[in-house]
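Peer 1: Spelled out, the chains give:
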Amino acid sequence: MSDPPHRRRAHASSSDLERYAGLFAERTRVMRSSAMRDLMAITARPEVISLAGGLPDTSTFPPQTFAAQMTRIAQESAAEALQYGPTEGFRETVDCIVEVMGAEGMLPDPDDVIVTTGGQQAIDLICKALVDPGDAVICEAPTYPGAIPVFCSYQAETIQIECDAEGMRIAELEDTLERLELEGRRPKFIYSVPTFQNPAGVTMSLERRRRLVELARQRELLVVEDNPYGLLRFGGEALPPLYQLDGGDYVLYIGTFSKILSPGIRLGWAVAPPPVMEKVVLGKQASDLCTSTLTQYFVREYFAEGRWREYIASLGDIYRSRRDAMVEALGRYFPPQASWTEPEGGLFIWATLPPYIDTSDLLARALREDVAFVPGQAAYVDGRGRNSMRLNFSAGDENEIREGIRRIGKAIEAQVELYGALTGGAEGPHMPAGAAEDMGGIDSQSNPSPSISDSPETDSTVVPFRKAGGA
Amino acid sequence: MLKGGRSLERGVSLRSGARVEDALERLGHEVLPLEADGEMVKHLSAGQPDVAFVAMHGAGGEDGTAQELLEILGIPFTGPGVAACGRCMDKVQAKHEFRAAGVQTPDWFAFNETAFRELGAADALGGLEERLGFPLVVKPSRGGSALGIKFAENWFDVPEALVSAFSYDNRVLLERFVDGRELAVSVLGGEPLPVVEAIPQSGDLYDFEARYEIGRTSFVCPAELSSGETAALTEAALGAYAALGCSGFSRVDLILAADGPQVLEVNAIPGLTDTSLLPQAAEAAGMTFEQLVEKILDLALAPAGA
Numbered sequence: 043m044s045d046p047p048h049r050r051r052a053h054a055s056s057s058d059l060e061r062y063a064g065l066f067a068e069r070t071r072v073m074r075s076s077a078m079r080d081l082m083a084i085t086a087r088p089e090v091i092s093l094a095g096g097l098p099d100t101s102t103f104p105p106q107t108f109a110a111q112m113t114r115i116a117q118e119s120a121a122e123a124l125q126y127g128p129t130e131g132f133r134e135t136v137d138c139i140v141e142v143m144g145a146e147g148m149l150p151d152p153d154d155v156i157v158t159t160g161g162q163q164a165i166d167l168i169c170k171a172l173v174d175p176g177d178a179v180i181c182e183a184p185t186y187p188g189a190i191p192v193f194c195s196y197q198a199e200t201i202q203i204e205c206d207a208e209g210m211r212i213a214e215l216e217d218t219l220e221r222l223e224l225e226g227r228r229p230k231f232i233y234s235v236p237t238f239q240n241p242a243g244v245t246m247s248l249e250r251r252r253r254l255v256e257l258a259r260q261r262e263l264l265v266v267e268d269n270p271y272g273l274l275r276f277g278g279e280a281l282p283p284l285y286q287l288d289g290g291d292y293v294l295y296i297g298t299f300s301k302i303l304s305p306g307i308r309l310g311w312a313v314a315p316p317p318v319m320e321k322v323v324l325g326k327q328a329s330d331l332c333t334s335t336l337t338q339y340f341v342r343e344y345f346a347e348g349r350w351r352e353y354i355a356s357l358g359d360i361y362r363s364r365r366d367a368m369v370e371a372l373g374r375y376f377p378p379q380a381s382w383t384e385p386e387g388g389l390f391i392w393a394t395l396p397p398y399i400d401t402s403d404l405l406a407r408a409l410r411e412d413v414a415f416v417p418g419q420a421a422y423v424d425g426r427g428r429n430s431m432r433l434n435f436s437a438g439d440e441n442e443i444r445e446g447i448r449r450i451g452k453a454i455e456a457q458v459e460l461y462g463a464l465t466g467g468a469e470g471p472h473m474p475a476g477a478a479e480d481m482g483g484i485d486s487q488s489n490p491s492p493s494i495s496d497s498p499e500t501d502s503t504v505v506p507f508r509k510a511g512g513a
Numbered sequence: 005m006l007k008g009g010r011s012l013e014r015g016v017s018l019r020s021g022a023r024v025e026d027a028l029e030r031l032g033h034e035v036l037p038l039e040a041d042g043e044m045v046k047h048l049s050a051g052q053p054d055v056a057f058v059a060m061h062g063a064g065g066e067d068g069t070a071q072e073l074l075e076i077l078g079i080p081f082t083g084p085g086v087a088a089c090g091r092c093m094d095k096v097q098a099k100h101e102f103r104a105a106g107v108q109t110p111d112w113f114a115f116n117e118t119a120f121r122e123l124g125a126a127d128a129l130g131g132l133e134e135r136l137g138f139p140l141v142v143k144p145s146r147g148g149s150a151l152g153i154k155f156a157e158n159w160f161d162v163p164e165a166l167v168s169a170f171s172y173d174n175r176v177l178l179e180r181f182v183d184g185r186e187l188a189v190s191v192l193g194g195e196p197l198p199v200v201e202a203i204p205q206s207g208d209l210y211d212f213e214a215r216y217e218i219g220r221t222s223f224v225c226p227a228e229l230s231s232g233e234t235a236a237l238t239e240a241a242l243g244a245y246a247a248l249g250c251s252g253f254s255r256v257d258l259i260l261a262a263d264g265p266q267v268l269e270v271n272a273i274p275g276l277t278d279t280s281l282l283p284q285a286a287e288a289a290g291m292t293f294e295q296l297v298e299k300i301l302d303l304a305l306a307p308a309g310a
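As you go down the protein sequences, you meet chains L and Y in turn. Here the first sequence stands for residues 43 to 513, where the numbers follow my numbering. Here the second sequence stands for residues 5 to 310, where the numbers follow my numbering.
Hints listed in this document are in silico derivations from the structure and should not be mistaken for laboratory results. Glycine included, C-beta positions come from ideal geometry on N, C-alpha and C. Certain hints may be false.
Listed below are several chain Y residues computed to face chain L (Cβ distance under 10 Å; list not exhaustive) [as the list claims (entries may be wrong)]: (1) V86; (2) L151; (3) V162; (4) F170; (5) Y172; (6) R175.
Sample of chain Y residues at the chain L side, in silico, Cβ under 8 Å [said to hold, decoys possible]: (7) F120; (8) R121; (9) L166; (10) D257; (11) A261; (12) D263.
So the derived label-pair ranges between C-beta atoms look like this [said to hold, decoys possible]: (13) D41/Y to S329/L: 34 to 44 Å; (14) L305/Y to A67/L: 37 to 47 Å; (15) E72/Y to A110/L: 54 to 64 Å; (16) G226/L to G124/Y: 52 to 62 Å; (17) G232/Y to E220/L: 56 to 66 Å; (18) D366/L to G124/Y: 50 to 60 Å; (19) A262/Y to R448/L: 49 to 59 Å.
For reference, chain L alone in the conformation it holds in the complex:
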């Protein structure tokens, strides 16, 4: 029960805190932690089914393969594998990266590639090279929740562009760029996860990809394409990455081995034209000198075996079946007012509930049912997304997924029933005479919005999500 003996520093008194507070950098004022940290502290209980994480399933990686490869490294290159490596990464690792990118039709110049400590570091290094305090950075709404703390720590002004079933709405992006131009500003870059987006699960259409790349060219703007999931496609036709469409002039690219091999090896990469790369390399030197040599050796061994494509295909089969289980369970257990995305790959489904349900509070009720998810607010900088949630289908098996969705459905049902009792159900809110005239937009039987965060459908370029019970 008790911890091993250890020395712990004396606690901080409030005058100490004052003293530290005076030392903190300006940027710490805007640094954010994950909003739901404390609620998540109790999701670690074994009885909780967590659909909250973004974990790939590493359990099917053959332990014998892992053992054999690490043994070979130990026997043949122990001294080198235990040594520092070049900041840019080993050429052999870059060769593996070029092979992976080639599988999606991209042909980067190996000199444009830097090996990073996970894709997360690539986001950080790109911001470090490009973003000054107050600079505008554009991303999707919702966006990858892990990118927000990075933008915040570089004191960027994060502007989010609405997503629909075909990804970022480029028309809205153009409007935003116009507005910024009138203010005499240019965003430092446009960050996008165009394929099987985290958290929304949507994929940017080919037409929008072309327009985005064109726009970047015309306006000489940088696009950062973050593509962790592109190879995890288990349905539909593959679309060309932005990097391929652009040829690597205005599109910076971020990739990772996390979802196709292992997040534990912390290996990702960035691809950028030489002037940007030069600054990224300097930034990485300052951050950590080089990415783990040992895990780069592991990747080299693994790729030499030549079975990496088979492994990814096997993951695709597993995830397809889990996605199917989740979609089926959503149809069965979520109320008719809910809508959700049906991704053809990746790890996540994004579900949107009636507007009166705040998913941060719903999480408290769901945790009583021993199930967890990520409240949608985590994917926005401005408090939007309150009635949405991110659901992961890669970490648990089909039975866990079905049971997890059933439990969340039960918690939602309780909220929906209660709201109905409070407002008189479909007849409209239960309000004293006179009050109903000011009803505004609140509607207890609200239609699911075509957008991810409930903005009105006024734009012919908006592509609605599938609705529950619909085709």
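Put chain Y on the given structure of chain L with help from the hints.
Peer 2: Below, chain Y without anything else, positioned relative to chain L:
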């Protein structure tokens, strides 16, 4: 040293617990750290501690549940007793006690979930505007750290706010919003400590994140108050503490409105983290954290009624 548990405030409890544990060790006590889980009673029986330091917040630890077990096992414990914990934890019950004792607290209505589901309580909401006015505050009756607390600016915010609050508890209260300074008076062994003022740096609500992140809220201790204001706040706090039958230590949260202090709630087991208010108040009174912890232990071991 009891910490953790299954409540939504588990993370806060672990941080409070870690700090107290360190202090107890530095004071030379032998510490048996226990997670509040299925094994707790077994470990308590086996360990035979002289006293239990309860650093649990929220359901299970602050509501009298753990205290009841400690009484059965005959182990003295820190903080208020079973009944007082229960009264503090339930804001509605606490407010009834305040009213009965003549302690000022904002007007309120309380509802159970079943009242809405089965008894058509929604029809009774019509009396709200007249009785409480807008904006009003909607909160779960049991729960801490501002979880599930919403402001309703008008009628249309009420149903949604109720749905949120009912996520945390099956009883909620709708409370008149009182504008004023946010203050906390910690009471240690029946004696008030210097008043702390909480000044949120962002947003309009002293919310869950602001409470536990260094730098999100600034605290002033002792708060800048006239002697008359301090006396009124202290009197209200001691009145609330006595009304709920607290002993050992507790923290009383108040709003200082134009017409005097209004008590919002009493925290039976206030936080003891780096950003918590009780340790700050103790420090302003010239006590180190170790002295505070020792005093809390002494109070737990003192003869009943002390």
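Peer 1: Evaluate each hint against the coordinates.
Peer 2: So, going through the hints one by one against the coordinates:
no.	hint	result
1	V86	24 Å, violated
2	L151	7 Å, holds
3	V162	8 Å, holds
4	F170	6 Å, holds
5	Y172	5 Å, holds
6	R175	13 Å, violated
7	F120	5 Å, holds
8	R121	5 Å, holds
9	L166	6 Å, holds
10	D257	18 Å, violated
11	A261	27 Å, violated
12	D263	28 Å, violated
13	D41/Y to S329/L: 34 to 44 Å	40 Å, holds
14	L305/Y to A67/L: 37 to 47 Å	46 Å, holds
15	E72/Y to A110/L: 54 to 64 Å	57 Å, holds
16	G226/L to G124/Y: 52 to 62 Å	58 Å, holds
17	G232/Y to E220/L: 56 to 66 Å	58 Å, holds
18	D366/L to G124/Y: 50 to 60 Å	42 Å, violated
19	A262/Y to R448/L: 49 to 59 Å	52 Å, holds
The structure fails to meet hints 1, 6, 10, 11, 12 and 18 from the earlier list, while all remaining hints are met.
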